[in-house]
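K.L.:
Spelled out, the chains give:
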Amino acid sequence: MAKKTFSKILKDFWYGKPHTAEEGGRRLGELHEDKTHLYKHREWRGVPDTMYYFYNIWLYNYIFMVKDIMVMHGPITFAKGLWRYRWIGQTYLPVLHWFDRGLEGMRGEAMKASAWHYRAMVSTTIRQFQHMFAADTRLNGGRQNDLYRHTIAHNETVWGGVFYPWDGEITNVPLEMIPYFVTCHVNSHTVLNYIDAVQSIGLPGDPCPMCQAEAGIFVLDDVPDYAPAVITCNEACDASVSTSTLQDWFFDKPLFSLPMPMLFDDPLVKDYVKREIEELWKFIEQQYGIPFSWEKLTKKLELQNELQRFEWEKWEVDAKTPYYPINGVAQALYRIYQSQYGDWEIWHVTDRKVRKILEKCVSKKIKTFPQTRHRVIAWSCAPLYYSNWCTWAYNCWGLNVVINMDSLMFDMEIRTDSYEHTLEDMAQYHMWAPMRRMAVGGMHHMFELWDYMKRFNCDMVAMYDQLQCKGVQGLHGLFEDEFRKRDIKAFWIPHALPDSRTVSRAEIRRLINDYMSTVMHEEPLDPSLLDFDDSMTW
Amino acid sequence: MNTIFKFIRKLFRIALIANVALFVVFFFDLDGKLLFNVVEPFLKKHYDSMERKDTLKAPYDMDKYPKYDFNS
Amino acid sequence: MKDLKHLIFFENLLQEANNELVQKAKKDGLRAIGYTCYFMPEVLLDLPGCFSVRLRAPRCTSPDIATYYMSARVCHYARSLMERALEGGFNFLDAQMATETCTATCRFQEHLQQKHLDSVDDMRIIDNDDFFCEFSDVPFKNNEISYEHYATQLRAHVLKPLQEHFGIDISDEAIRRAVEQQNEVSRLINEIGDYRKLENPTITGYEFHVIQLCSLVCPKYLILPYLRETAEEMKTREPDRKKEFRCKVVLAGSENDDPDFTKLVESCGARVVCDRYCYGAVESRQIIELPEGVDPVYAIAKHYLHSSNCPRFMPQDEMRARKKRIAELAGEYHADGVIIASNKFCEYWSYERVIDTVILKRDFGLPVCSIEKEYINTASGQLRTRFQAFVESVEIKKIQEGK
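Chains as they are written, first to last, in our numbering: chain A, 1 to 538; chain B, 1 to 72; chain C, 1 to 403.
To be clear, the hints were calculated from the coordinates, so they are not data collected in a lab. Virtual Cβ for every residue (Gly too), placed ideally from N, Cα, C. Treat each hint with caution, since some may be false.
Each computed DMTMM-like pair below joins lysine to aspartate or glutamate, with the alpha-carbon atoms no more than 20 Å apart [to be verified]:
(1) Lys-8(A) to Asp-49(A)
(2) Lys-44(B) to Asp-221(A)
(3) Lys-235(C) to Glu-199(C)
(4) Lys-115(C) to Asp-481(A)
(5) Lys-485(A) to Asp-122(C)
(6) Lys-274(A) to Asp-69(B)
(7) Lys-115(C) to Asp-265(A)
One-sided excerpt, in silico: chain B residues whose CB lies under 10 Å from chain C [what the hints assert, rightly or not]:
(8) Phe-5
(9) Arg-9
(10) Tyr-68
(11) Asp-69
Reference excerpt, derived from the structure (chain C facing chain A, CB under 8 Å, subset only) [as the list claims (entries may be wrong)]:
(12) Met-234
(13) Glu-238
(14) Pro-311
(15) Glu-352
(16) Ile-355
Could you put together the complete structure from these sequences and hints?
P.N.:
Encoded structure:
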């Protein structure tokens, strides 16, 4: 008995405790401190994986974050920005805990590949905010320096690719990606200040909270003054259109709007979008005095196409095998960030690293999520404050979120053989942006769910229910009807996008727990994760 | 030669201590605890007490910007 | 004031979408074409052989089944339309000309579409074998490219389907005749509406709201005689000797097809002298000019984009001009203040209301009452209190300014 126990202890020490509900299995919930979700101690994943996590994820990222800051405009710029802007100080310092939450329980190749995705997002985030600070007139004694004059601001829903013709000469930095979008995932409390701020000036509480927050960062005067002009765009909803009314008032810069048609299936709209993109280019030339470059555009597009081709390879592996080494949250966030922001060197570096891991997993038939009980497709817009719910769901119930809706937009290459073809494809690409690709242009897009379920061999649906998204709410009943008719195992995840107060993380877990136990009659893989208090967590 | 060995040994000792210290910080989530309990509350207090301009006073000049229509 | 001869008749027409005049037009063999948004040019739906019906759901206070389909967190107007459609209240429609201009009504209209898809069941909400629903894309801008795009859309998704499905004459000549008819309606409505500009208006906001709505929901050729008579009647209508109002207001905001809301405002001491909201006359009753030598569809497209003050427009100059426009209307109609009313869950007007409330007061010196309302509002004590307080504050301001 003692020999057996000693042997188990040795095994657990070297490999980490197994992911099982049985006696001696890991109990990740017991590592959490009450309310804060800080760790009594970080998970012991076995010697190799713990050492990897310590050296190659935790220490590596701390060192490289410092390096990124040093290389990109320096620590003084960073310190100034940190002191001035809430969204940096309150959010980005605990970024390694964001890694912890997303990679909780992960081992082996899945842990490694997913972590590279996180690293790429961190580096791009640092690059953007350092650039904002370095160009910010508020942090530079009111001066509009050279960097300011070569930066362009834009809504995060403007695809970065439209600025490719000025690569190296004008830098595009989205207004809200760093102050708002990424903060929701890293520290969900920051955005609440902005939502409250915009409501304090009279906006009702029901519009999409993403759009509320995008306006709220201006209300609180928390947007750097880093560019002489701004480009706006609609997203998939009315609020995204209206947000720019408030943004224009507070930002008060020359503004060019590049709204996208909703009915993007109609071939007639493409010509319109092509001409609007050309108008945008003329605006940029006029504002910055730098001419459009066809060579730069095609070069960047070809690099972007490389990223898209690799993404398709990943989907092939994801759809057809159990060897895909990216977890649900890393897949979703990396894809949306990379494709919306546009081509950048770090994405290629990351993809090369991930490719090696992917090929290893496929060739050696490494089951990256061995406790998968259900292959889940996550549909509609995800809760930003709990994007790592899928990590918890895998650990607790064996629900492997293999693909999500937002990963599937921008699903095309862009031809570079002629100006006409390029412009045509760019028009289509821009119309296919996050949310737009599925949420508008006809409800049949939302119901592409069935095709993707089949394609990715999913047997379960996690249906996000963004309570303040009028577009998706408008189809709620039809989805209920279709789930019943098709006998699809589906559970709803109600949420308010970045606002964690409306539906708490605990409530989301409770709903999934209820579904898995009362409908699916399953037992959890890790009972310690069923019920815990993380009400104060980042 | 001895000096080199002594130097390498010293370096090794420093590296070992640093590794152990860092590992302790990592394993017991001391970085998270410091940020959550000390740094973030301090910064939040600073942000909450910052003087901010009243954005509702921001000017809204009706005729400040032209129509950006390059096709007309 | 002496009652208008046809007011009760007009009020009765507004009780049902399939009202007496709609039924008569259907009996005459015309096709009923529904729409919800100003960006669907009603003039193109009034071509010979068909007539436009701007959809309303009068007296719909609890859209329960629609709430199942569309959830409780979506505009009550869109849900009410859905409820009325599910009840069979729109079965008289032969077509719905839809626009993806506002999310909620767009979803409602998508439910109406016969889908012919494997991915989702066809609900067949409109029980009419001839029925079809067609969407047009509407630009967010008011520029040359947009006029051309919009014209292309109208030809492809409005005119062509009308011709193919119902044999409607879509020639330039037919369009010009429809424009003439529309312009006559507009002239009459404007003529009636101009009496609101008088020092002591000889028409109430409520009466005007009823008349304007009738012109939107009834076949034009059948409502015209009544409009002509009403315009004639207005020439000799005397105002009340004692003014029944304490201030004049512009009513601006989102969708508003409920005349009882205007009545509620006016019962609190205000006179609504201008209607700058969806379903209002400010935009929909501007005269459509068809210059010689210009393609009429292009001219119509340009007109509808040019005349709209919808908060959907995104260009900077247009966003800013909208506020100025409300201030200009206040001047034109001699209004003392502005009531901005947005429908609950209307995102466009929620944001627009925020900025209007500040800018109109701060930069134009106009008192503003900013409220959120439901689709049907008669019993709202809260709104009554808000309006009463607003009227008092405007009165006090006028006294202080020596007016």
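K.L.:
Please go over all the hints and tell whether each is borne out by the structure.
P.N.:
Comparing the hints with the structure gives:
| no. | hint | in the structure |
| --- | --- | --- |
| 1 | Lys-8(A) to Asp-49(A) | holds, 18 Å |
| 2 | Lys-44(B) to Asp-221(A) | holds, 16 Å |
| 3 | Lys-235(C) to Glu-199(C) | holds, 15 Å |
| 4 | Lys-115(C) to Asp-481(A) | holds, 15 Å |
| 5 | Lys-485(A) to Asp-122(C) | holds, 13 Å |
| 6 | Lys-274(A) to Asp-69(B) | holds, 15 Å |
| 7 | Lys-115(C) to Asp-265(A) | holds, 15 Å |
| 8 | Phe-5 | violated, 72 Å |
| 9 | Arg-9 | violated, 68 Å |
| 10 | Tyr-68 | holds, 7 Å |
| 11 | Asp-69 | holds, 4 Å |
| 12 | Met-234 | violated, 38 Å |
| 13 | Glu-238 | violated, 42 Å |
| 14 | Pro-311 | holds, 6 Å |
| 15 | Glu-352 | holds, 6 Å |
| 16 | Ile-355 | holds, 6 Å |
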